[in-house]
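Asker: One-letter residues, chain by chain:
Number of protein chains: 2
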Amino acid sequence: MDDIERYDLAVIGAGPAGYTAAEKSAKAGYKVVIFEKSDHMGGVCLNEGCIPTKTLLYSAKVLDQARQASKYGIAISGEIQPDMKKIVSRKKKVVRKLVLGIKQRLENAGVKIIKGEAYIKSSHHVVCDDSCYYTENIFVCTGSEPIIPPISGINEVPYWTHREPLECTDIPKSIAILGGGVIGMEFASYFNSMGSEVTVIEMMDEVLPMFDETLVVQLREMYAKRGVRFLLSTKVTAVAMQGDRILVTTAPTQEEKIVVDKLLVSTGRRKITTGFGLENLKLDTDDKGNILQNKRMQTSSHHIYLCGDANGRSMLAHTAIREAEVAVQTLLGRTDEIIYQCIPSVLYANPELAGVGYTEQELKARGIPYILKELPMAYAGRFVAENEGVNGTCRILINPNDQRIWGVHILGNPASEIIIQAANAIRLKRKANEWKRSIFPHPTVGEIIKECL
Amino acid sequence: MDDIERYDLAVIGAGPAGYTAAEKSAKAGYKVVIFEKSDHMGGVCLNEGCIPTKTLLYSAKVLDQARQASKYGIAISGEIQPDMKKIVSRKKKVVRKLVLGIKQRLENAGVKIIKGEAYIKSSHHVVCDDSCYYTENIFVCTGSEPIIPPISGINEVPYWTHREPLECTDIPKSIAILGGGVIGMEFASYFNSMGSEVTVIEMMDEVLPMFDETLVVQLREMYAKRGVRFLLSTKVTAVAMQGDRILVTTAPTQEEKIVVDKLLVSTGRRKITTGFGLENLKLDTDDKGNILQNKRMQTSSHHIYLCGDANGRSMLAHTAIREAEVAVQTLLGRTDEIIYQCIPSVLYANPELAGVGYTEQELKARGIPYILKELPMAYAGRFVAENEGVNGTCRILINPNDQRIWGVHILGNPASEIIIQAANAIRLKRKANEWKRSIFPHPTVGEIIKECL
Chain A
41 MDDIERYDLA
51 VIGAGPAGYT
61 AAEKSAKAGY
71 KVVIFEKSDH
81 MGGVCLNEGC
91 IPTKTLLYSA
101 KVLDQARQAS
111 KYGIAISGEI
121 QPDMKKIVSR
131 KKKVVRKLVL
141 GIKQRLENAG
151 VKIIKGEAYI
161 KSSHHVVCDD
171 SCYYTENIFV
181 CTGSEPIIPP
191 ISGINEVPYW
201 THREPLECTD
211 IPKSIAILGG
221 GVIGMEFASY
231 FNSMGSEVTV
241 IEMMDEVLPM
251 FDETLVVQLR
261 EMYAKRGVRF
271 LLSTKVTAVA
281 MQGDRILVTT
291 APTQEEKIVV
301 DKLLVSTGRR
311 KITTGFGLEN
321 LKLDTDDKGN
331 ILQNKRMQTS
341 SHHIYLCGDA
351 NGRSMLAHTA
361 IREAEVAVQT
371 LLGRTDEIIY
381 QCIPSVLYAN
391 PELAGVGYTE
401 QELKARGIPY
411 ILKELPMAYA
421 GRFVAENEGV
431 NGTCRILINP
441 NDQRIWGVHI
451 LGNPASEIII
461 QAANAIRLKR
471 KANEWKRSIF
481 PHPTVGEIIK
491 ECL
Chain B
41 MDDIERYDLA
51 VIGAGPAGYT
61 AAEKSAKAGY
71 KVVIFEKSDH
81 MGGVCLNEGC
91 IPTKTLLYSA
101 KVLDQARQAS
111 KYGIAISGEI
121 QPDMKKIVSR
131 KKKVVRKLVL
141 GIKQRLENAG
151 VKIIKGEAYI
161 KSSHHVVCDD
171 SCYYTENIFV
181 CTGSEPIIPP
191 ISGINEVPYW
201 THREPLECTD
211 IPKSIAILGG
221 GVIGMEFASY
231 FNSMGSEVTV
241 IEMMDEVLPM
251 FDETLVVQLR
261 EMYAKRGVRF
271 LLSTKVTAVA
281 MQGDRILVTT
291 APTQEEKIVV
301 DKLLVSTGRR
311 KITTGFGLEN
321 LKLDTDDKGN
331 ILQNKRMQTS
341 SHHIYLCGDA
351 NGRSMLAHTA
361 IREAEVAVQT
371 LLGRTDEIIY
381 QCIPSVLYAN
391 PELAGVGYTE
401 QELKARGIPY
411 ILKELPMAYA
421 GRFVAENEGV
431 NGTCRILINP
441 NDQRIWGVHI
451 LGNPASEIII
461 QAANAIRLKR
471 KANEWKRSIF
481 PHPTVGEIIK
491 ECL
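Going line by line, the protein sequences match chains A and B.
Numbering follows this note's numbering, in which position 101 of the first sequence is assigned residue number 141; successive positions increment by one, without gaps.
Numbering follows this note's numbering, in which position 251 of the second sequence is assigned residue number 291; successive positions increment by one, without gaps.
Some hints here could point you the wrong way.
Pairs count within a copy or across copies, as identical chains cannot be separated in the list.
As the list claims (entries may be wrong) - Each computed BS3-like pair below joins lysine-lysine, with the alpha-carbon atoms no more than 30 Å apart:
#1 Lys77 to Lys126
#2 Lys471 to Lys64
#3 Lys111 to Lys126
#4 Lys64 to Lys476
#5 Lys265 to Lys126
#6 Lys297 to Lys77
#7 Lys64 to Lys413
#8 Lys137 to Lys476
#9 Lys476 to Lys413
#10 Lys111 to Lys143
#11 Lys155 to Lys77
#12 Lys311 to Lys328
#13 Lys133 to Lys265
#14 Lys265 to Lys111
#15 Lys335 to Lys64
#16 Lys152 to Lys335
#17 Lys125 to Lys111
#18 Lys311 to Lys143
#19 Lys111 to Lys213
#20 Lys335 to Lys126
#21 Lys77 to Lys311
#22 Lys71 to Lys413
#23 Lys471 to Lys335
#24 Lys125 to Lys161
#25 Lys64 to Lys469
It should be emphasised that the hints constitute simulated quantities derived from the structure, not laboratory data.
Based on the sequences and whatever the hints tell you, model everything.
Answerer: Set out below in structure tokens:
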């Protein structure tokens, strides 16, 4: 083992956490190796998550907008149709471009990229294929995978997870979406735009539990108006083939059977922390078996870090990126820590829904006092100029004691971009009155925050 | 004069400065009267500026997008045509809605609205029609008007200013735009989308002097590719009718004659501070005759305030709004002041161009050291997903001594919304490294700032 390759850092998994950590630490002068078992850099986010869905959703938005063009005085005389082959091939092109970009960035930073499945042999040794690598530090960035609920018959039907619809060039006439989280609702929006009959089945009494409830109800009603059907407080008890189609049996509040062409299962994701030797390290865990870590992303073995979906904290790409940054700063001996209170959540449907900080239902549940400021989006002139026959809402929750911002929640395009300033405001502990004094360019949709504060 | 109406505040002009000041001071308990000589609340911004142009530009964007739809996999089989009557009538509807909204807000706040031309009789008396009003304070919010350069023949041709194109339902085959500032460039974009042959004639060697030069060159080249013709360093020496059309003679660098259907003059705006009695007050002025005022918007007579375009400082609606806020805070005896260093500038073309803080050319001219961070917009995955065959650039200028942000400049949609966070960062004196630690939702176009920092 004299010729064993020695690294300062081994990163396992090249998703947002892994590639961010690898690039940044290598740029800081560390000798870094990254292991990726799939063929492509970028992880779920880039290959079968955030980026491909947003690319497809943008095609859907272009389609929606062409259909609505006459409202803005643009006359289209002929047919407007999605060309599914082109939509999917464009999506592939976008993903390919960005995957190559990540690869190039890692190579430029001097990161050694190993395609293969890594196995942690000891706290300083990682094995891949027939090679062993010595490393001072290990970043575990192994991501997450879909949870498939133990529904009767589920293994007998060709269900979809988040992966298959990305390749779908033959739009199903009907689709049932099991689970009304972000993934389920984004695909509901997409397939609805593309012309499918969409049914969203959600066990809880409302979809999108992580978002502001008032806005979720508004969004769900918009979806319903567009033709999406919702079965809330509804459990799927069994699925089975019925000819070429899938029979979905639900219970108990709305017991019924529906027959659909496709079934998409989006009932949540589970972190991946086993199967690659991590358990060998005997890291400290809580009583549920979750690996403990500090705010600097270190586990009980301080040279072993856990970033991204693999720690199960927030399961968002931007959290992963930030966790990786914190881990690298820690590695470099600098002070940094993750603040989970200012992580924005975004639903990239049309219209977008975005929020950051506490929701009203969280504040109520915890008995925390708050002031609610709320305005329709149409208070912003730019929103009126760009949204014919659509409204939305901006809701800001403020701490009455010190005027700091508890949360900001926006339904309306482009909420995803506008929420960035809100995340910053919460991070910086800005007070409502001070934030309101900022100059917002006029006219912008983002001005709604100034109006609302 | 015993029955003279007495007010705490008289506001002259109901544009963004005036309506903001009137509403806010009335809400704070002041007795407020506002005078507006035109038929509508909202001033130039709402009636013939920001809002109508953005509404028209959005129709143009919908048109551009429909034409580009096939790039995103959306097949449109027939003709795509602007329906100009509908575009203009929709614009009117949007303006009407927002004008009524302003009126309602003022009424709800208890502001007395007087339609008529106000005249300042003394420092506490304002006359309108046959009535005289006593007021403790006066806010002068009289706005600005287009400058028409003394070109030979200008009064013999039916030239347009910013007003007439807003009503144009018969798209001219050709149009010459005199002046490459924001107004000129936005109309150039609009008429180009609508199918006109557009020529922009600019006396300086570059258009859009207030924006980052590098980005302006990129934008101008995009315009040129779309078919807009630019005559830079070119002066119009004469205009004359030639049949139904207009003959424009230019000199000296590109001496030529062009014949166009329409001529739009957008060579700048001039503050309005005379003609309504302000000169009676003998306020202190600088040696150029500009009325002096402090950072709290007060003139040398502290109860006379000057806000918005009328003070000639920045000529932007959002500056006017902020100045009005500062003036109201001052009125209320609170501490506030205007900071002109963090006023964003936006060009609402397609793509948008936005900037805040110093430009590189300003830093160079002043000999101020800076670090330049620059990335193509395609570094942001969301931008790639939503912009086929288009790129853009993000440029951040940083003070090398303390890592604070000198300026942020972005070319690419939706720059107008993204620049908000940059304006906030400059206002808060954030350091690059600290700002970079914020969590930006992924994927957003706004992430380009995190990447760039």
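Asker: Compare the structure with each hint and give your call.
Answerer: Hint check results:
In this assembly of identical chains, Lys77 and Lys126 lie within 30 Å of each other by CA distance solely inside one copy; the values are 29 Å within and 56 Å between copies. For the identical chains of this complex, Lys471 and Lys64 are inter-copy neighbours only, at 19 Å across copies versus 33 Å inside a copy, given an alpha-carbon limit of 30 Å. With identical chains, the CA atoms of Lys111 and Lys126 are at most 30 Å apart both within one copy (27 Å) and between copies (8 Å). Only between protomers do Lys64 and Lys476 lie at most 30 Å apart by alpha-carbon distance; the minimum there is 13 Å, versus 35 Å within a single protomer.
Taking the shortest Cα distances, Lys265 and Lys126 sit within 30 Å of each other both inside one copy (28 Å) and across copies (26 Å). For the identical chains of this complex, Lys297 and Lys77 are neighbours neither inside a copy (40 Å) nor across copies (67 Å), given an alpha-carbon limit of 30 Å. For a Cα distance limit of 30 Å, the shortest separation of Lys64 from Lys413 across copies, 17 Å, qualifies, whereas the shortest one inside one copy, 40 Å, does not. When the C-alpha separation of Lys137 and Lys476 is checked against a cutoff of 30 Å, the pair qualifies only between copies, where the shortest distance is 25 Å, while the shortest distance within a copy is 40 Å.
In this assembly of identical chains, the alpha carbons of Lys476 and Lys413 lie at most 30 Å apart whether taken from the same copy (13 Å) or from different copies (29 Å). Taking identical chains as interchangeable, the C-alpha atoms of Lys111 and Lys143 lie at most 30 Å apart only when they sit on different chains, with a minimum of 26 Å there against 44 Å within one chain. When the C-alpha separation of Lys155 and Lys77 is checked against a cutoff of 30 Å, the pair qualifies only within one copy, where the shortest distance is 6 Å, while the shortest distance between copies is 73 Å. Proximity of Lys311 to Lys328 under the C-alpha cut-off of 30 Å is restricted to the intra-copy arrangement: shortest distance 14 Å within a copy versus 69 Å between copies.
When the C-alpha separation of Lys133 and Lys265 is checked against a cutoff of 30 Å, the pair qualifies only between copies, where the shortest distance is 25 Å, while the shortest distance within a copy is 33 Å. Taking identical chains as interchangeable, the C-alpha atoms of Lys265 and Lys111 lie at most 30 Å apart whether they share a chain (18 Å) or sit on different chains (29 Å). Proximity of Lys335 and Lys64 under a CA criterion of 30 Å is satisfied intra-copy only: 19 Å inside one chain copy versus 44 Å between copies. Proximity of Lys152 to Lys335 under the C-alpha cut-off of 30 Å is restricted to the intra-copy arrangement: shortest distance 28 Å within a copy versus 56 Å between copies.
In this assembly of identical chains, Lys125 and Lys111 lie within 30 Å of each other by CA distance both inside one copy and across copies; the values are 28 Å within and 12 Å between. Taking the shortest Cα distances, Lys311 and Lys143 sit within 30 Å of each other inside one copy (24 Å), while across copies they are farther apart (55 Å). Taking the shortest alpha-carbon separations for Lys111 and Lys213, both the intra-copy value of 28 Å and the inter-copy value of 25 Å come in at or below 30 Å. For the identical chains of this complex, Lys335 and Lys126 are neighbours neither inside a copy (44 Å) nor across copies (57 Å), given an alpha-carbon limit of 30 Å.
Proximity of Lys77 and Lys311 under a CA criterion of 30 Å is satisfied intra-copy only: 16 Å inside one chain copy versus 65 Å between copies. Taking the shortest Cα distances, Lys71 and Lys413 sit within 30 Å of each other only across copies (25 Å), while inside one copy they are farther apart (50 Å). Within a single copy, Lys471 and Lys335 get their C-alpha atoms as close as 25 Å, and across copies as close as 22 Å, so both meet the 30 Å cut-off. Within a single copy, Lys125 and Lys161 get their C-alpha atoms no closer than 45 Å, and across copies no closer than 73 Å, so neither meets the 30 Å cut-off.
In this homomeric assembly, Lys64 and Lys469 come within 30 Å of each other (Cα to Cα) both inside a single copy, at 28 Å, and across copies, at 25 Å.
Going through the hint list in order, the structure does not satisfy hints 6, 20 and 24.
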